[in-house]
Amino acid sequence: MGGYIIKRLISAIPVLLGITIIVFLIMSLIPGDPATAILGSYATPENVEKLNRDLGLDKPMVQRYVIWLGNMLTGDLGRSFSLNRPVLDEILERFNATMILAGTAFVLCALLGILAGVVSAARQYGLGDKAITFVVLVGISVPSFFLGMMMILLFAVNLRWLPVSGMYAIYGGGDLPDLLKHLIMPALALAAVATGVIARLSRSAMLEVLRQDYIRTARAKGVPERRVIMGHALRAAMVSIIPVLGIQAGFVLSGAVYIEIVFQWPGVGRMLVDAILKRDLLLVQGGVVFVAACYVLFNIAVDVAQSLLDPRIKT
Amino acid sequence: MPALKVTNLAKTFPLKKPIFGPAPPGVRAVRPMSFEVATGETLGVVGESGCGKSTLARMLVGLLEPSEGSIEIEGRALDNADPAEFGKLIQYVFQDPQSSLNPRKTICQVMEAPLRRLYRMQKPERDKRISEIFASVNLREEFLDRYPHEFSGGQAQRIGIARALAANPRIIILDEPVSALDVSVQAQVLNLLADLKAQFGLTYLFITHDLAVVEAVSDRIIVLYFGAVVEIGRAENIFANPRHPYTRLLADSAPVVGKPLTAPEQKGSELPDPLNPPPGCAFAGRCPRATEICRADEPKLTEMGEDQLAACHHPLEG
Amino acid sequence: MNLFLKLLFRNRLAAMGAVVLGAILLLVLLTPFLPLQDPDVTATADRFKRPFTEGHLLGTDHLGRDLLSRLLHGTRLSLAIGIAAALIAATIGSAIGIIAGYFGGRTDNIIMRGVDMLMAFPYILLALAIVAALGPGLMNALIAVAAVNVPFFARNIRGITVGLAGREFIDAARLAGMGHGRIILTELLPNVLPVIVIAMSTTVGWMILETAGLSFLGLGSQPPQADLGSMLGEARSAMISHPHTSIVPGTMIFLIVMSINLLGDGVRDALDPRLRSGALSRPRATTLVERQGEIPEETDDLLAIKELETQFHVGNRIYRAVGGVSLAVKAGECLGVIGESGSGKSVTALSVMGLVASPPGVITGGAVRFQGEDLIGARYETLRQKRGDRVAYIFQDPLSTLHPLYRVGQQLAEAIQSHHKVSNAEARARAIRLLQDVRIPNAEARVDNYPHEMSGGMRQRVGIAMALANEPDVIIADEPTTALDVTVQAQILSLLDDLRRDRGLAIIFITHDFGVVAQLCDRVAVMYAGRIVEEGPTQAVLKAPAHPYTKRLIACVPELGGGRRALAAIPGLPPVVDNLPEGCAFAPRCDKAQENCRAGDVTLKGTAPRAVRCLYPEVAV
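Those protein sequences? They're chains R, D and W, same order as listed. Under this note's numbering, think of the first position of the first sequence as 1, with each following residue one higher. Under this note's numbering, think of the first position of the second sequence as 1, with each following residue one higher. Under this note's numbering, think of the first position of the third sequence as 1, with each following residue one higher.
Pulled out of the complex, with its shape left as it was, chain R reads as follows (with noise of 0.2 angstroms):
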């Protein structure tokens, strides 16, 4: 097992070096003069000496990156120009609270959807079926963005449950009670779309497993029905219920983005899409070479997992 979570991290390093060159080329996509369309607004003469000199942006473009990826292992990410401070010290200040937020709306979907996938395919055809698989419906069709909007006009502006924004109360919050309060909606609306995604996931899995051989086998046997449901069928429907994960993680963050905008949530996904509208390119870059490596990293856990439920994968 140790054997295995070490080979895959280290099949993992081409794979962030590949974030990296991505992330590079997108970013020389940018017309003109690399150092002042990098630097936008900010263009100062001082500032695009600052950036020549730090990037090589006069060097061909390997040893642009070279020297950029070099800065970035040693923790330099660059300097953002429109806060005026290192990127890297920005963006760990702000990822606990994205990962706060997206870390309880993971937990929430991957809970609630299975459950929900399980009674669904259980109860095939039967009320409690047609139920979620409606919720389940509206849940993937509405934009997280406007279903956050609608429940602070419904629980904080019309109900006064619960505060409208922001991460603590301004005076006198801090507390974790003051956190799960400012808590509930955003990741609530936040795992809307994805509980949907893994709901009809699972169910689709659960009913695939059911008609399988085994579970007739494990029938045969006399094995009792409920645990030939939550035992043989859910085990082997985890199996392809778990890479989703992965996949709905990475749904879950990106979602992330819009909820910390309804929300004034201030995660990273905020500081993005300030950072593009201001156009500090480099603070763009940061982030999301940032974000995209510790997707990766949690989708390493995502294969353990799954090494760990199947045995036929060659650990």
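Just so you know, not all the hints are guaranteed correct.
[Claimed, not checked] List time: in silico DSSO-like cross-link candidates among lysine-lysine, alpha-carbon distance up to 30 angstroms: (1) Lys551/W x Lys259/D; (2) Lys259/D x Lys543/W; (3) Lys130/R x Lys551/W; (4) Lys16/D x Lys7/R; (5) Lys330/W x Lys551/W; (6) Lys330/W x Lys6/W; (7) Lys197/D x Lys551/W; (8) Lys259/D x Lys330/W; (9) Lys105/D x Lys543/W.
Since the hints were derived computationally from the structure, they do not count as laboratory data.
Dock chains D and W against the given chain R, drawing on the hints supplied.
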């Protein structure tokens, strides 16, 4: 001149090279083998799962490139650059008749492909040829506008045979052509194949796992085990008087009405690990006659009696 | 195509989606011709008018622009961009997927590595990076969304293509002289196309959402031009004071995406042949029972099947898989049931313990009595307690019938613990003993293997061990050696024979192989088209078959040692059981058939132990 001559034909599937260390030697699906098929002959190839019979078949029709060795058809060596060159000389009838027909094409489109691609025939000429072929395989021409899923297994297999005939080949490789069919239909197809062979002067290579079928249709039979030929002999002789213990095991295992039920003598039933093949005879682990030499030296195929060859250090008495 | 539309609209939700989407599309197409105000003309005096005010059906926004006009123009734009993005992504992605999947090897490897890299990004990061580089704007958002979705299509389509490229009809096309390009276009593409359509119909809603999302963030359409996303984005600041400006575009996005999703699901269901036949239904824990007519009396046999009728209800069709079968076994007896595919032999076997998949299976008549107790229609718990404990099964393919994720020891222990309260350690010890009983060498180590680590023969031994776990009275073996090599089959058969003699087991042995029946079974029943046509002691039936079908079927079977020869065949095909001929089902293929064979029902009669269902039997029984 033999219709088909195979010399030292072999296939090794390379394994993925690990990140560290040298590449492993690869899986030898077919070990170097040589045999000939005379014109008008039916050569049966029999073996159990994992013996390499399908790999052999795919190499013979050019769907798989051999790792070494050569294939000659009527004296001409085949290079595998152009599948169309293969197609005119040697054709293939697949095990699963449904899967060998494109579900989204009519039978007419399926039948026309070889005539158009291999012989560049014009439409009237093609129609004439198709109705000739359909007549000889007892299929009605109204089937031509239908799609594969509308046919039963036996009918689909006739269509598969008709398609192979359309290429007007010299040799047809029959890869388990009846194992997906019920017994009552199986006999229809086998008899049809015999008629066609006489009518068109074809040469067959008949691959199967069913001993009784192979005996009923073949002139000579090759027995494969673990990618290698263990015995060659005349059909009427080879199972009655086997020289190789594996051939004998096969013959004894086949259920026959009136024969009492006993498990034939053998030590295990596992094939050797193809990733880690044993030295010497691959059958030694299961063989009741195996001795030291069997586990050290790979036996060569040697003449044993009339028209019979076996690869065994301790052959059975003839 | 007609069939497709019919299937699509049979699905009411999909029809609803189609109607809503159709209405929206129609509105949007007509927008330029409708008497609407200019969507971009501002009138600050009229700002934030509420819906249903004079001249503004949906009110106005923060600049006093007519919301209805903006909504329709915005919808037009959003739909156009979303669909364009979907088409671009589908075309490029599918092309990449087909090429990678068809050529395989190195090409596949390189392409898929690239795709994996792109998929290593949470999708919005890639889109944001592209927009950041190209600058905000609707076209750039379109490019970003399309680019982000290319890998999804590529991976999906590649998977399908790999499966198709391995199919034999591709090989056949190659042997027919077709080149790669022609094979891709004429053989592969028509088969991949439905999948592409499905993938598109299920993702176009997403892409509309994604482009709307980018516009919402201010990165897509730029003012004054507005799509639905940017309308929502602009309305956000006034959300609390004037919610209608948000609700209007938000609801429209929701309606569009929802109707597309409904329609997309319908398209998928109609195009996917497995869904079409209802195959994705969950089999219930026991077969559905809808018994009509009288329930047959009990007998003193150990297990007796009486007048059993099992049908499959698929759509409007009724397949009479088993049409009134009666069989019985005594302790220590082995009964063979022989027949060709579709004869109903396996369905008979599965009906005994209610294991026929349902839907579509329904038991419509007869009884199965175990020690006198009727099992058809018994409560689930009663049936469960008998399953595997008193009546156990051995199935055909040992790879698919063992659970791939449990060790064989766990699966054996579970069989015991489902019926007996024993500790885990005790269950494991018994599992090892069972493996030894079925002569698996080195059972202490093998007990911890997973099924995929064993050979076919070993797996089938595990299957037998599982059937023996609770020392049942009856074992029903459904073609247990068909998937095995002949040398392994011989060992399994002799093992089964020894076990039944040692333990006094009753065995019902389902097979299509006369050789196997002859060696193993005391009595044999021959099935054709869902009914028993002949039964009797094995030797007697084989030596002097009474039914013409039995006789001719035996003649078809080549036997080893016969030398080269022509084989007997039965012309024609077995009937399909949803359309059985009147009278004897074999009559159309029988050369002895007379007029009265095709008229009334032919009964099974004879003097025990033999019986035949024929008016003109080969020998009198």
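Hints not upheld, ascending by number: 3, 6 and 9
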